[in-house]
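Engineer: Protein sequences, first through last, are from chains A and B. Residue 1 is where the first sequence starts when you use my numbering, and the numbers rise one by one after that. Residue 1 is where the second sequence starts when you use my numbering, and the numbers rise one by one after that.
Treat the hints with caution; some may be incorrect.
Unchecked claim - Think about it this way: if two alpha-carbon atoms lie no more than 25 Å apart in a straight line, the pair counts; the simulated DMTMM-like pairs of lysine to aspartate or glutamate are:
hint : chain 1 : residue 1 : chain 2 : residue 2
1    : B       : K107      : A       : E45
2    : B       : K130      : B       : E34
3    : A       : K153      : B       : E35
4    : A       : K80       : B       : E35
5    : A       : K80       : B       : E34
6    : A       : K153      : B       : E126
7    : A       : K80       : A       : E126
8    : B       : K130      : A       : E75
9    : B       : K130      : A       : D90
10   : B       : K130      : A       : E147
Claimed, not checked - Computed from the model, here is a short list of chain B residues facing chain A with C-beta under 10 Å:
hint : residue
11   : E25
12   : G28
13   : P31
14   : L39
15   : A40
16   : L44
17   : L46
18   : T51
19   : L52
20   : S117
21   : H118
22   : K130
Because the hints were derived from the structure by calculation, they are not lab data. Glycine included, C-beta positions come from ideal geometry on N, C-alpha and C.
Each chain is listed here by its residues.
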Amino acid sequence: MVTDKPTTEVIWEWLDAVPDPEIPAISLTDLGIIRNVEWVEDTLEVTVTPTYSGCPATRIINLDIETALRDHGIENLTLKTQLSPAWTTDWLTERGKQRLEDYGIAPPQPAGSPQHCPLCKSHHVERISQFGSTPCKAQWRCQSCLEPFDYFKCI
Amino acid sequence: MTDPLFEFLCRMGDNTLVLGHRVSEWCGVAPVLEEDIALANTALDLIGQTTLWLNLAGEVEGKSRDADALAFRRDVWEFRNVLLVEQPNGDFGQTMMRQFLFDLWHKGMLTALQDSSHDQIAAIAEKSLKEVTYHLERTTDTVIGLGDGTDESHARMQKALDRLYPFVGEMFVADDVDGAMVAHGIAPDPAHLRPEFDATLDEVLSNATLVKPDSEFAHKGGKSGQRHSEHLGHMLSQMQWLQRAYPDATW
């Protein structure tokens, strides 16, 4: 039982340590899907927005948030789903984008295509498919090092 | 008459449910791996949207039915999807033509629904529109690529268009349910979406070197639920069998 309510800053730090279940290189806060954390009297309300409406990771994400917060002693917890404003890749943090690149996934670009190959940094890249291994990614290929890679779709 | 808002939400949710299930039938058997993944992802988006629409429909109805109950425990005559989406997949070209025609209508509808007087409907539309815009980009490219492709792909796309065009008209026919939605500022008159649909369709078909059929004859009866084609029952028997045989089964 937590006697003193942790501040929302502390809770954001805890959530910062929860990895995305499908792309564990980045955290849920990097992904920008946690929209709000606040205490409503003695209940902690966490507002989450889905990336894609059918993304199977959404349920796991909610479970992971709940598990992490309960492990830190939070007992009264409500998870709210918020659809609007709809999630956009603009909400990815700069740190998140860098982590994606280091992990081998080209981060989203406003132009709609990867800036360069995340492996060899060549600008000669081509699209293989508009879709990839998760709803948030597309498949691209580097024409220099010939490696296929994932591109985080810009929406 | 049933609550028109419930009817309207079932129409939105049943369109995405039936098409989502149809598209998922390609999983594992698409022509190439990339298309297999693309089709599965499209189906996933549609099923996700279905959950949002049908959960809201269940809330509005107030009889404790959620999206699963509506999807798996209703029979053919209770479905409110347009006839286009229940048509069989046919070959890859026919599947892509069906998807393109639906995406084009869907995008226009969702764009208008973003301004709905109903906040939850506006929110679902805003979320879905991002996904559907992406679907339409892909199907437009594919229809043009295959239409203006080889003799074989061109012939197949023309055949698909001839087969599916008679199902286009139903998406734009307004009835009492639509009238009630317009009166409350909840949804647009579907007939008003037609000019923009036609303009884009003509442009894409022209780039695809395909010819729109002369006849504007339209099969109807899906969105009203009065007369579905024989294909829907077969699809539901496969989609619903597990919940029918083992009600409330979970894993």
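Engineer: Sort out which numbered hints this structure fails and list those numbers smallest first.
Structural biologist: Of the numbered hints given earlier, those the structure breaks are 1, 4, 5, 7, 8, 10, 11, 12, 13, 20 and 21, listed in rising order.
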